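Student: Residue numbers (this note's numbering), protein chains in the order written: chain X, 1 to 442; chain R, 1 to 381.
Just so you know, these hints were derived from the structure itself, not from any lab. Note that this is a predicted model, so its numbers are computed, not measured. Hints may contain errors.
Claimed, not checked - According to the in silico footprint, chain R covers these stretches of chain X (three or more CB under 8 Å from chain R):
#	stretch
1	36 to 43
2	127 to 136
3	158 to 172
Beta carbons are placed, not taken as given, at the ideal position from N, Cα and C, and that holds for glycine.
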Amino acid sequence: MIRSFLTLLAALTFWAMPATAQENSGPLRLEITEGVIEPMPFAVPDLVAESAQARDLATRIARVIAADLSGTGLFREIPAEAHIGRITNFDSPVQFADWRAINAQALVTGAVSLDGAGRVVVKFRIHDVFAGQELGRGQQLVGEEDGWRRIAHKVADQVYSRITGEGGYFDSRVVFVSESGPKGERAKRLAIVDYDGANLRYLTDASTIVLAPRFSPTGDRVLYTSYETGFPRIYLLDVADVGRRALPTLDGTMSFAPRFSPDGRTVLYSLTQGGNTDLYTMDIASGASVRLTNAPSIETAPSYSPDGSRIVFESDRSGSPQLYIMEARGGEAQRISFGRGRYGTPVWSPRGDLVAFTKQAEGRFHIGVMRTDGSEERLLTASFLDEGPTWAPNGRVIMFTRETRGEQGEARLYTVDITGRNLRQVPTNGGASDPSWGPLQE
Amino acid sequence: MPRVNTGQIISGTAHLAVIGWVFFGGVLQSDPPQVEVVEAVAVSSEEYAAIMARQSAPEAAADVDTPEPPEAGEAAPALSSGTDAAPEVNRPEVSDTPPPDARPEAPERPAPAPTDVTDTPPALTAPSEDTAALVPETSLRPQPRPAPRVAPEPVAPSEPDVRVDDVARPEVAPEEGADAVEDQQEATAPEEATTEIVTEAERPETPVPTASVRPRARPTRLAEAEADTETATAPPEPTPPEPTPPDTDRDAVSDALAAALGQDSAPAERRPSGPPLSAGEKDALRVAVQQCWNVGSLSSDALATTVVVAVSMAETGKPEMSSIRMLSHTGGSASAAQQAYEAARRAIIRCGADGFDLPQEKYAQWRDIEMTFNPEKMRIK
Chain X
1 MIRSFLTLLA
11 ALTFWAMPAT
21 AQENSGPLRL
31 EITEGVIEPM
41 PFAVPDLVAE
51 SAQARDLATR
61 IARVIAADLS
71 GTGLFREIPA
81 EAHIGRITNF
91 DSPVQFADWR
101 AINAQALVTG
111 AVSLDGAGRV
121 VVKFRIHDVF
131 AGQELGRGQQ
141 LVGEEDGWRR
151 IAHKVADQVY
161 SRITGEGGYF
171 DSRVVFVSES
181 GPKGERAKRL
191 AIVDYDGANL
201 RYLTDASTIV
211 LAPRFSPTGD
221 RVLYTSYETG
231 FPRIYLLDVA
241 DVGRRALPTL
251 DGTMSFAPRF
261 SPDGRTVLYS
271 LTQGGNTDLY
281 TMDIASGASV
291 RLTNAPSIET
301 APSYSPDGSR
311 IVFESDRSGS
321 PQLYIMEARG
331 GEAQRISFGR
341 GRYGTPVWSP
351 RGDLVAFTKQ
361 AEGRFHIGVM
371 RTDGSEERLL
381 TASFLDEGPT
391 WAPNGRVIMF
401 TRETRGEQGE
411 ARLYTVDITG
421 RNLRQVPTNG
431 GASDPSWGPL
441 QE
Chain R
1 MPRVNTGQII
11 SGTAHLAVIG
21 WVFFGGVLQS
31 DPPQVEVVEA
41 VAVSSEEYAA
51 IMARQSAPEA
61 AADVDTPEPP
71 EAGEAAPALS
81 SGTDAAPEVN
91 RPEVSDTPPP
101 DARPEAPERP
111 APAPTDVTDT
121 PPALTAPSED
131 TAALVPETSL
141 RPQPRPAPRV
151 APEPVAPSEP
161 DVRVDDVARP
171 EVAPEEGADA
181 VEDQQEATAP
191 EEATTEIVTE
201 AERPETPVPT
211 ASVRPRARPT
221 RLAEAEADTE
231 TATAPPEPTP
241 PEPTPPDTDR
251 DAVSDALAAA
261 LGQDSAPAER
271 RPSGPPLSAG
281 EKDALRVAVQ
291 QCWNVGSLSS
301 DALATTVVVA
311 VSMAETGKPE
321 MSSIRMLSHT
331 GGSASAAQQA
341 YEAARRAIIR
351 CGADGFDLPQ
361 EKYAQWRDIE
371 MTFNPEKMRI
381 K
């Protein structure tokens, strides 16, 4: 009787708990849906100097690498004072326990040498400290000694790309309008710097007003607007030799807001003729223009999509400045901005998924992004005057102009992550506005 | 002139007669009521008291019919202060040693093999490492009372799920050529019997180990697994099997569990089992991993990728680094999946460096874990 009772009880128990029986038959399964968003701790000890002449260079390169990574807001450097382990030989095994002890999750090791011909040779490796293994394979870069910063940026780009899965943007440059003098009489000239503000170089003098420089897709040319003739006109400048030429236009017209096509052969711009502003394209080689829009409203600030098939631009055809998208050859435009306020200066992301813009609403200016269909609008910044966004080559960071209020107000360049975090000022020599972020250098 | 008829004459005559009887018959005269005359007698107070006393006392009946006294019968039972005698009941006859039951005949069933039962407790065999016990460490399962019978010869334990019937019935077998379908009847099982009476004091210790041996971690390679399996299944020495005391209840439960799970009851095929992790224990593990799952450095493409990561755990609660691997990924490119997987791997290793807080007694439940890292909530909104 007891056996029968126990048998029945056991059978009923397992009949009532099939799920438990299933769980026992396989591994434990968990779903992790919430994590943390914080900078990844990393360490970049001084590179190993393989010659006495390279000792100073080894330290400076390590500092640039660390600054690049820390500046993204995605990484946090563990200072050298906290390091336990020492890297004295590039090929020696890494004692990961020493780096785990200080909670360094990524470790960059490298070595620097000079080849005797004035060239710098840098070798580096990226390590996943807690996994105790190397990420990818070690690489070696060679460059001129005076170009050591570019070598450091390239190393940082590799580290950034290997850990985040995104392309880097450290070995890139920015062209902008350098401003000096009082607010009512400011001198403006074109300047070019590394993305981090280093290596400033002026491209034009301050004899005339220049506006809205735009890098070519390859970074070797710059389009900009100049008032040299008294009317706004588009110029094409060669970055290497600073040579420039005006693009052909009709007399009595104003051309401005130029932008390169993705292939670099065509200029997309606005032309004001007879009091009406429309969009045009011009073949750079032949100077032939094609009209894209023909409306009584103002159409300006055009920007190509990365594949060159569409154009996003600003138009007040609805009564207030809003954003529209149309085919690259013209035609019917579709409005994508419907929020309260005025939208302008749209720029298509290099990834093609977002459009950055300037928004004025309730007395404040914002830099924001939205999907190309106008959805998921997000405002990243807010201030007295934020305007003129430009994308980093990897589409993760936006640079823009922020101008402060008052007679002593000054324009400066800032960067912000597309998450809205990590707002940083770009160091420039004086005022700066109208940035255009160039591509990664070859 | 009106005519006087006969009726009017008769009526007039009758009225006259009645009137005359009233006046002359004395109907209207009334006689005075007759008055009862009572003679008054003066009495003294003593006489009055005596009269009143006679009126208050009931009058005794002069003649009363008295019942006949009963005839003298049996003497009254003697009273006793002792307790009542217990009522007589039909009690079964008690015999010190019941005669051995005759072995029921079961011609169709094969005779069970005789079993050697010794008086000495069996030697405990060391359980193999992969053996898990269903019996808890502290409490022992109550065992049934031994049957107060001694069989003339050893009898094998009866089959489970049968009952002892009062009447021995042969097992029903279909008769060849029979047209009629007969109802299936349960076969009668032989009663349990033992070859000796073992008191509780003489009962041998239970052979169940007091603590289960932890199963070993999953081998990383199939070849090792097969080798381990062969090693585990091969007997170390060809020793004769030790007789084990019958544990029919446990066998019954085990058989029932195996039947419910659709498995054979062979002990070699039983998986290491134990109580499953509670929801709180799972949540604690999930939270522990989440604390180290840093997606801040992931690309937007990697943040759109869900990866499933498998990891084997040591008994200390630490993940075995060599066992961490990506099982699958969805929603992103292979490159993005690699970044997402590396972030997940860092989370497991970092927060498991000191061992996750997991219950040791449930190691079999968390030895192998599959974690799905879904960054949907962490994406840029």
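Student: Take the hints in turn and mark each one as holding or not.
Tutor: Structure-based check of each hint:
no., hint, verdict
1, 36 to 43, "holds (count 5)"
2, 127 to 136, "holds (count 5)"
3, 158 to 172, "holds (count 4)"
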